[in-house]
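Given the coordinates of chain A, work out where chain B should sit on it, guided by the hints.
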Amino acid sequence: MDEAVLDVDGLSVVHGGDTRIVQDVSFRLGRGEILGLVGESGSGKSLTALSLMGLLPPGLSRTGTVRLRGEDLTGHSEKQMERVRGAQIGMVFQDPMTGLNPVRRIGSVLVETVRRHQDVSRAAAREKAVEALAAVGVPSPGDRVRAYPHQLSGGLRQRVMIALALINEPSVILADEPTTALDTTIQAQITQLMRDQIQARGASMVLITHDLGVAAELCDRVAVMYSGGVVEEGPTRELLRNPRHPYTAALLAAAPNFDRSRTLAAIPGAPPSPFARPDGCPFHPRCDRAQDACSTKEPVLTVSGSARLACWNPHD
Amino acid sequence: MTDTASAPAVTGTPVAAGRPARPPGRAGRLARMLASRLSQLVLLLFAVSTLLFFLLRLTGDPATTLAGQDATPDQVEAVREQYGLDAPLAKQYATFILRAAQLDFGTSVQSGANALTEVLDRLPATLQLALLAVLLNMLVAIPFGAWIGSRSDGRAQSIASGVVFVGQGMPGYVIGLVLIQVFAVQLGLLPSIGNASASAAILPAVSLAAFLVPRLTRVVSANVAETMDEDFVRTARAAGASRHTVILRHVLPNALLGAAALVGTQLAILVSGALIIEVIFAWPGLGALMINSVQQLDFPIVQAAVFTIAGLVFLTNMATDALLGILDPRLRRQR
Numbered sequence: 000m001d002e003a004v005l006d007v008d009g010l011s012v013v014h015g016g017d018t019r020i021v022q023d024v025s026f027r028l029g030r031g032e033i034l035g036l037v038g039e040s041g042s043g044k045s046l047t048a049l050s051l052m053g054l055l056p057p058g059l060s061r062t063g064t065v066r067l068r069g070e071d072l073t074g075h076s077e078k079q080m081e082r083v084r085g086a087q088i089g090m091v092f093q094d095p096m097t098g099l100n101p102v103r104r105i106g107s108v109l110v111e112t113v114r115r116h117q118d119v120s121r122a123a124a125r126e127k128a129v130e131a132l133a134a135v136g137v138p139s140p141g142d143r144v145r146a147y148p149h150q151l152s153g154g155l156r157q158r159v160m161i162a163l164a165l166i167n168e169p170s171v172i173l174a175d176e177p178t179t180a181l182d183t184t185i186q187a188q189i190t191q192l193m194r195d196q197i198q199a200r201g202a203s204m205v206l207i208t209h210d211l212g213v214a215a216e217l218c219d220r221v222a223v224m225y226s227g228g229v230v231e232e233g234p235t236r237e238l239l240r241n242p243r244h245p246y247t248a249a250l251l252a253a254a255p256n257f258d259r260s261r262t263l264a265a266i267p268g269a270p271p272s273p274f275a276r277p278d279g280c281p282f283h284p285r286c287d288r289a290q291d292a293c294s295t296k297e298p299v300l301t302v303s304g305s306a307r308l309a310c311w312n313p314h315d
Numbered sequence: 000m001t002d003t004a005s006a007p008a009v010t011g012t013p014v015a016a017g018r019p020a021r022p023p024g025r026a027g028r029l030a031r032m033l034a035s036r037l038s039q040l041v042l043l044l045f046a047v048s049t050l051l052f053f054l055l056r057l058t059g060d061p062a063t064t065l066a067g068q069d070a071t072p073d074q075v076e077a078v079r080e081q082y083g084l085d086a087p088l089a090k091q092y093a094t095f096i097l098r099a100a101q102l103d104f105g106t107s108v109q110s111g112a113n114a115l116t117e118v119l120d121r122l123p124a125t126l127q128l129a130l131l132a133v134l135l136n137m138l139v140a141i142p143f144g145a146w147i148g149s150r151s152d153g154r155a156q157s158i159a160s161g162v163v164f165v166g167q168g169m170p171g172y173v174i175g176l177v178l179i180q181v182f183a184v185q186l187g188l189l190p191s192i193g194n195a196s197a198s199a200a201i202l203p204a205v206s207l208a209a210f211l212v213p214r215l216t217r218v219v220s221a222n223v224a225e226t227m228d229e230d231f232v233r234t235a236r237a238a239g240a241s242r243h244t245v246i247l248r249h250v251l252p253n254a255l256l257g258a259a260a261l262v263g264t265q266l267a268i269l270v271s272g273a274l275i276i277e278v279i280f281a282w283p284g285l286g287a288l289m290i291n292s293v294q295q296l297d298f299p300i301v302q303a304a305v306f307t308i309a310g311l312v313f314l315t316n317m318a319t320d321a322l323l324g325i326l327d328p329r330l331r332r333q334r
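Protein sequences appear in the order of chains A and B. In terms of numbering that gives the first Met the number 0, the first sequence is residues 0 to 315. In terms of numbering that gives the first Met the number 0, the second sequence is residues 0 to 334.
There may be inaccurate statements among the hints.
What the simulated footprint calls covered on chain A by chain B, stretch by stretch (three residues with Cβ under 8 Å from a Cβ of chain B suffice, anywhere in the stretch; the number is not a length) [what the hints assert, rightly or not]:
#, stretch
1, 50-57
2, 87-99
3, 102-111
4, 158-169
Here are some chain A residues the structure puts well away from chain B; computed CB gaps all over 10 Å [what the hints assert, rightly or not]:
#, residue
5, 9
6, 29
7, 70
8, 184
9, 241
10, 279
Hints listed in this document are in silico derivations from the structure and should not be mistaken for laboratory results. Ideal placement from N, C-alpha and C gives every residue a C-beta, glycine not left out.
Here chain A stands alone, though its shape is the one from the complex:
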């Protein structure tokens, strides 16, 4: 395997010194690759992304190794991380309604971001801002740079958020549920836009979503997270056609599709709190394939071919 753009090894997010909210997440993101992080809310997807950015909320800390294009970010100070954020890793957040500063013109924030990382004149930065808005499909970008967020629709605001994340050409984009807060028709547009932009720029992306449909459409590989850890990972097509982990299978069975003859199979119970994880496999209390071993020994993520799996009794 050639050099990964982003190499995450043994990443945990720790609360109060001992509770691991995200535990031991490892993945490699190749150049131009889109990796999906899929799971229910509370599975640790967003915290994984925030920890990569060095933007964890107060009280949480990160352990493990993060390498970005070979550069180890582990020991980076806040000042050093500021230079990485927006320049080498960009992030798109879920809610475009609250994610943009209500009293700043969008162009002003775009210009500020360009000049933070590039030594260019204000006029040049402004040109880049207009170009960036045009690239993400904002109509009449020359006028829109002077707009305030409240003058734009939700879809347009999310396009602005994407422009903001992309404007300094980072090699990695973290997208945290970028379409969840949008109308269905807009969702498809934004999904396509993100794929096109990633491809056009040769960037890589980690896409966090609970929507398997979005993952299927966009991602080269998918990692399924449960209770803070990755339980299964593999090439998207393979993983969705032939899920081996019972949790992945259950997620697929619970996802709506156009086949009305099939009733949705809800997963019984709720994910455990990181403060009260069961012994053994964290999924075993909800698992229909649980055996004795599942409640005593935690399965380890094991590589098999191009996939990885953590389960004592997987589907074939």
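For chain B alone, kept in the frame of chain A given last:
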């Protein structure tokens, strides 16, 4: 950090593209708004004047007081007649309101000068002190509050925030007296009386500001702390913004919008005359004039002063509203 590109929107043209044509009757709406505000003002002034008229007459027989302690009954009667105090109350009231409507409050009992002129003469001194104090207040409280709020869990910030809380309970005149003792009496650096020299404004303005600073600091720091948790701040940090930029250009413009109303209120309180501070520093403003006139039962002056103050407070509040409407792009009318 050299980027000062577009400071948070004080001026500027709104987006023209894609806007529908302006709705009809915008000028009409503005005129209606002004008319409504104006009628509110008239109503307010009427109510204040009425209240004042009766309050002043509840406190005893004005003629007796005006004539002085040693006056004979004849002299008292003469005074009563001179000021029209012998007429029935209703008639006195009608006369008063009719005259007040023409801004005629009579002449000062003490000086014989036109009461309103006397009041308006004092206005510049009060406005000068009020503006100076509010400005000083903002210069101290905004950076201080931003510092506390930007790291509200920090140790130094917690201590500072405790000091501010205690300071809020400190009456302004205590600070004034301490300042006089130190800077005027012991060090002899600054004048403590009157407004003859420019430096004379320093001590009273600092005293007033010291009284205002704790409250504004608390509001600014609370707003800053709250804004620090907003999604758009995380967006800015994810784009690589430095802490400095985050606080100055993302957090403060939002936090200050919330504090602007308080500054407006503080200014409104001060333009009505800083009663105690003006007396302590013998500052020839409205406050000192009012205290003196109340003591001397100089009705015309008191009435003219209260009338003026009510109008001033109203105008200050209206100006604050208007300013907020300009500063906050979400409230700005689409032009």
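Exercise for review: Against chain B, does residue 184/A hold up as non-interface, every C-beta pair farther apart than 10 Å?
Suggested key: 19 Å, holds
Point to revise | Check on residue 29/A being off the interface with chain B, judged by Cβ distance over 10 Å | key: 23 Å, holds
**Study point:** 10 Å Cβ clearance of residue 70/A from chain B
**Key:** Holds, because the least Cβ-Cβ distance between residue 70/A and chain B comes to about 16 Å, which exceeds 10 Å.
Check your understanding: Regarding the assertion that residue 279/A does not contact chain B, is the least Cβ-Cβ distance greater than 10 Å?
Key -> The assertion about residue 279/A holds, with a minimum of 36 Å to chain B.
Practice item. Examine each Cβ of chain B, and state whether all of them lie more than 10 Å from the Cβ of residue 9/A. Key: Non-interface label on residue 9/A holds, nearest chain B Cβ at 24 Å vs cutoff 10 Å.
Check your understanding: Taking a Cβ-Cβ distance under 8 Å as contact, does the stretch 102-111 of chain A have three or more residues in contact with chain B?
Key -> holds (count 8)
Practice item. With 10 Å as the threshold, tell me whether residue 241/A passes as away from chain B on beta-carbon distances. Key: 36 Å, holds
Check your understanding: Taking a Cβ-Cβ distance under 8 Å as contact, does the stretch 87-99 of chain A have three or more residues in contact with chain B?
Key -> holds (count 7)
Exercise for review: Would you check chain B against the stretch 50-57 of chain A, counting CB to CB pairs closer than 8 Å, and say if three or more residues qualify?
Suggested key: With 3 residues in contact (Cβ-Cβ under 8 Å with chain B), the coverage given for the stretch 50-57 of chain A holds.
Review point. Mind checking, does the stretch 158-169 of chain A have 3 or more residues with a CB under 8 Å from chain B?
Key: Per the Cβ count (4), the hint holds.
Violated hints: none; the structure is consistent with every hint.
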